[in-house]
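Visitor: Sequence:
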Amino acid sequence: MASSNTIRILDGNTFVVSQDTGDIEATPSEPTGLFSIDTRFLSEWILTVNGERLNALSYDDLQYYEARFFLVPGMATHYIDAKLSIIRERAVGGSFREQVTILNHDEKPVDLEIRMEAGSDFADLFEVKDEIVNKKGETYAEPEEDRLRLGYRRGNFVRETIISSSEPARYDRNGFAYSVHLEANEQWETSIDVHTVALGPGGRDLRMGLQAHGTERLALEHDLQEWIARAPKVNSEHEDLAATYRRSLVDLAALRFSPLSLRGQALPAAGLPWFMTMFGRDSILTCLQVLPFAPELSKTTLRILAALQGTRFDDFRDEDPGRILHEMRYGETAAFEEQPHSPYYGSVDATPLFVVLLDEYERWSGDVALVRELEPECRRALRWIDDYADLVGNGYIWYERRNADTGLENQCWKDSWDSISYSDGTLPPFPRATCEVQGYAYDAKLRAARMAREFWGDPAYADQLEREAAQLKERFNRDWWVADGEFYALGLDPDGRQCDVLSSNMGHLLWSGIVDHDRAERVAEHLVSDRLFTGWGVRTLAAGEVRYNPIGYHNGTIWPFDNSFIAWGLRRYGFAEEAGTIASGILDAARYFDGRLPEAFGGYPREQTKFPVEYPTACSPQAWSTGAPLLLIRTMLGLEPHEGHLAVDPVLPVGMGRIEVLDIPGRWGRVDAFARGRLELHHTRSAPTAA
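Taking the working numbering, I'd label the letters of the sequence shown as residues 375 to 1065.
Be careful, since some hints might not be right.
[What the hints assert, rightly or not] What follows is a set of in silico ranges between Cβ atoms, one per label pair, in the way DEER data are often shown:
| no. | residue 1 | residue 2 | range |
| --- | --- | --- | --- |
| 1 | F804 | D904 | 32 to 38 Å |
| 2 | G831 | S790 | 41 to 47 Å |
| 3 | R544 | D1037 | 52 to 58 Å |
| 4 | G1029 | G448 | 45 to 51 Å |
Bear in mind the hints are in silico, worked out from the structure with no lab data behind them.
Ideal placement from N, C-alpha and C gives every residue a C-beta, glycine not left out.
Generate the whole structure from the sequences, applying the supplied hints.
Guide: As structure tokens, this is what we get:
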């Protein structure tokens, strides 16, 4: 990740990461620059005045899509007043625009040479992430009278950056310049447009479908206002909850990504900088988190994932019939099959979670038409669970990559290489199975049974799915329970040996409902014990385990998304106070991140740190971290669809005070929910809509 003084603005798949001066001076391994559709379109963007670099006075992070920088030439000093000041205002919205204003504060005129160094390495995001410097195509720079065209060509893969200015400029291969005369107290300004071009086979412009939120600042501003206006309003006596909620809404708006095949409709991209694209697991879990607040994201997500569902056996992409994709990329390495992400199917949780989201979305929205429309895809997903995911033949979902060169080793959400281990710290052989995925499969079968009985007109199939779910639950509680420690194993190896480490994954088991009730209390105790719960949140791996590391990516850090589903699971089994404890810790942590929870943060005990410790390469904003506060609000208020109405059963943690959520959308119309401690006040303000 770039250093902490970087400034980020974004709009879906397009984002800019720069220094606090507004300059971009990227290295091959640094995620700074102007990026879109997995390509860096600007790697150099340096403003000088009379040959001098500029020094930052301050900057304004105006909206997620725009920023303003206040600068002076040379190094700042409090002994000499600057005679010039420079303001850079920039915005993204599919393309990139920057306005430069220079003010002369002197009592005499000045002559200025203003120059912008501009260049692009057209690096694929994977090349930046993996520090690969080996471009195989041809770069070119073509200065014209009124523009500079930077380009990269490799076969029919073409990417171009076209730069133009509202004021006449002199363009050369390395940038452009102006000669400006300013009278005393006069100012000069110019608007610079940077247009990105992405051509695919046949010269088709891939950018057209990726600019759904408009290329103009006013369009983005209007879109954001509408987005916030449609969402429920949250008021709270907790001093930071309402601010965190609003920040989450804005970040969720920023992360909306419009796939090529669904122009004008959006799903959540996973996170900045590495994951600004479609991820099956991340998008589904984010949609589940935000259903009470932004239900429209679920419909788009379900449709695009259904449209790209696996149809064949493809070892390079780890594709099977019925499998839901893991990741979709549009860059050079995917286009030339140097990476399998076109799309790549190497996750084992996205497929059952697809079924879970379809059912949960209908329970909230009453959108029976979508459930019927996606019946074939849903049945294929269930068939994948039984026919293709059971690599060992014992009724569980397993994974082992078939693409040994560029496929993912671990295909669960904890997908780093060392995240699955035995208690002695050694890594198990493949294939592997992780516990939470079996819970997702159990939940998917029960939810599909409901849809089959109520909407697909197939009660026999519903009965079959319920029998299979019951058998899976019985088998799971026999094979995965670690008797000595009284917890569920993180995983199994192909011989049935348990990966007997204490981990956060158990909370997902509570959410799915696969945990036997007589074991749920012990699981809940573990989740809020000192080994797992830090005061800020639940660690991914318990303190005391051989691989525990409070700043290990999946071996001891705290993931806000993980905690939100753990809290939801605790509520499902009646452990409302424990759920509130976790919610309170995560929401307290959000305060130290200005309301924007990162992908992960350090798993140090709260008594050891006055504030949560940042994880150095965490994505921010990240979709499922952005969704975490919304799911925690739902969990604390006990918001659940029930027989066509919204049920509310609030249990708030100590110190939370009063919370009210106004205009919660659903099949019931729009309703309000209020809570103070255990007090419940709830009324419907509009007639229920027809299912």
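Visitor: Return holds or violated for the Cβ distance of G831 and S790 against the range 41 to 47 Å.
Guide: holds (44 Å)
Visitor: Tell me if the beta carbons of F804 and D904 are separated by a distance inside 32 to 38 Å.
Guide: Taking Cβ atoms as reference, F804 and D904 lie about 33 Å apart, which means the hint holds.
Visitor: Do the Cβ positions of R544 and D1037 conform to the proposed distance bound of 52 to 58 Å?
Guide: holds (55 Å)
Visitor: Taking the beta carbons of G1029 and G448, is their distance inside 45 to 51 Å?
Guide: Because 50 Å falls inside the window, the suggested range holds.
The structure agrees with every numbered hint stated previously.
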